[in-house]
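From first to last, the protein sequence lines stand for chains A and B. So the first sequence is numbered by the numbering used here: it starts at 888 and just counts up by one. So the second sequence is numbered by the numbering used here: it starts at 2 and just counts up by one.
All the pointers check out, no bait thrown in.
If we take Cβ atoms under 10 Å as the criterion, some of the chain A residues that face chain B in the derived model are:
| id | residue |
| --- | --- |
| 1 | Tyr906 |
| 2 | Ser911 |
| 3 | Val946 |
| 4 | Met955 |
| 5 | Gly1015 |
In silico negatives: residues of chain B with every beta carbon more than 10 Å from chain A:
| id | residue |
| --- | --- |
| 6 | Leu22 |
| 7 | Ser24 |
| 8 | Thr39 |
| 9 | Phe153 |
| 10 | Asp270 |
| 11 | Glu282 |
| 12 | Pro298 |
| 13 | Arg300 |
| 14 | Lys309 |
| 15 | Glu313 |
Note that these hints are calculated values from the structure, not bench results. Quick reminder that beta carbons are idealized off the backbone N, C-alpha and C, glycines included.
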Amino acid sequence: MARLTPENVQRARDTISLYPVARSALIPLLHMAQEQDGWLSEEAMVHVAELLELTPAEVYGTASFYDMLFTEPVGRYLVSICTNIACLLEGAYELLEHAGSTLGVRPGSTTPDELFTLEEVECIADCGRAPCLAVNWRFFGDVTPDGFDRLVARLRAGELSDEVPPHGTLSRVRRTVGLPARAEGGRERR
Amino acid sequence: MTTEVAPIVTRRLAAQEPWTLQSYLSDGGYGALRKALTMPRQEVMAEVDRANLLGRGGAGFPAGRKWSMLRKAEPVYLVVNGDESEPATFKDHLLIERDPHQIVEGTLITAYAIGAAQAFIYVRGEFALGLERMIQAVEDAYGHGVIGANIFGSGFSVDLVVHPGAGAYICGDETALLESLEGKRGFPRIKPPYYPAAIGLYGAPTVVNNVETMSNIPWIVLNGGDAFAALGTETATGTRMFAVAGRVNRPGAYEVELGKNTFRDLVYDPKLGGGVRDGRELKAFVPGGASSFWFGPERLDFSLDESKVKGEGGSMMGSGSVIVLDDTTCAVRAAWRLVRFFHKESCGQCTPCREGSGWLEKIMRRIESGHGRPQDLELLMDVCDNISPGVSWPSRWPPNMTTICPLGPSIPPPVVSSLGMFRDEYLVHVKEGGCPFG
Ligand SMILES: Cc1cc2nc3c(=O)[nH]c(=O)nc-3n(C[C@H](O)[C@H](O)[C@H](O)COP(=O)(O)O)c2cc1C
Ligand code: SF4
Ligand code: FES
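Work out the full structure, taking the sequences as your base and the hints as a guide.
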């Protein structure tokens, strides 16, 4: 719940350098902050504003527009169940209800152990495997109620930690090419 | 019977780890880029023009023409739209995850043709795996020397950045996409200017093209625009991916030849949709994404030709998604869910879109849950008319617009279609105080 770590500040600078205009790096930087803390704290957003020479209000204004960016804490696992048309036709609302009772929370809330946040979402473009859901944006298709319970049990047991990194981590592959050259020790050589 | 043609964009999807550079190279990958870089830029553009490749993102604008409309100024940008979020559309997702190099190669060729030194691929934020594959592809392509300075010694240089979205359907609209790429909220821009080709990213002339559009470019360069135009019909050239979803036996994304095949092929061909599930009857289908007017079974034989679907059908193929509703599906519930989507995703800038979608959602919900009133049917049409004046059933294309972006007029189609086709079903909901489908 903090400012970006020195390592992430370096990553942020690298990311900014890829764009003709610094502000374009805002969403990537917000994802980075969310990867660090699991959500976007005020301190992190103020720090991002400093790095981009924006006002905190500009950063917050953008952050609050996008569904994937959370300005309040969420669980380690964000369970996003699609109820849009293709999934609706395959029982998505029944699945959502089942998920609520398995996790003991209503959509939009987090379990007391802070492990799971349940949310209802729009189409996640995996409709060939309806009904489907995502956990931290890793996709699971053709989900039955039993299948859901097994998935939750495996997540609880930590069996899927490779497939499903903690909330906030999108790509684990990082851009390395075309970044500013740097001397040993991480200082930038301009 | 569906025509048998060799696939273009899905050609490699079933290969072993088709997303790797090694797999791509073993298939002749980046050969089209090598060839393009030996051609004058105008010649590359002319091939794409001859192909008559219509944009695959929804609006169906000819790619070659779009490129030639660029305002003459420096710099020029290329932005590839991988934000795919239209309900029941899931073709770009597949291309991004399984053949990212094909998109990268198409992007590089296009950048060369239009003279862009900087390109962006905007990937929907939710596509975590897609982002990983795309970023890896770009890394590897730099390593292989096909992105960066002086590619293949041609003197052409370009940089490419993979940019993540953060969850907002509206960012699929090209002007909202550019706002988002500039680090702002995804508010569609007020027109004029009508085209990013005049004023786009950072105010510079910009081409925005869809991921599937880009995926066709390497093939067109290798085989020629005429070979592409020889597929399909005069008005609907080449092949296209269709996401077939809903109550079919084999939901999936399939590439078929345009013009010569029909919606019936997509739904019933055993190699495609495989027919309606459980031997049920097809009640209606949504021919082109949530924003399109619905078709009844009598229109199954419409050919996959945007000009026909619009002209004779009064609808559109739009995003390339076909949603099949069977006779166990409640039309009111299906339409309500689509309206709810638009209400949630409206960016709120225009009153008819913001308020109208809210009204429609509320009235539809009340009818579906059995609390509707007879006059609600009129009211629904009234609200639709406020959003898109003159909207009627049977539908006409294009709908009138009162809003900044086409999301506004996208809201009435599910309401107007379901009401036009299944008025009795609405009346039963109202009369019996509940949904007859349970
Ligand atoms: C609300 C809305 C959502 C859209 N979503 C997408 C999308 O997800 N992907 C896409 O390529 N085009 C989408 N479009 C169309 C784009 O504005 C634009 O026409 C397209 O990206 C241009 O590429 P193309 O000419 O290659 O099709 C959307 C348009 C609107 C109005
Ligand atoms: S039509 Fe709707 S989504 Fe489009 S700009 Fe207006 S309010 Fe926003
Ligand atoms: S409708 Fe659920 S993933 Fe598309």
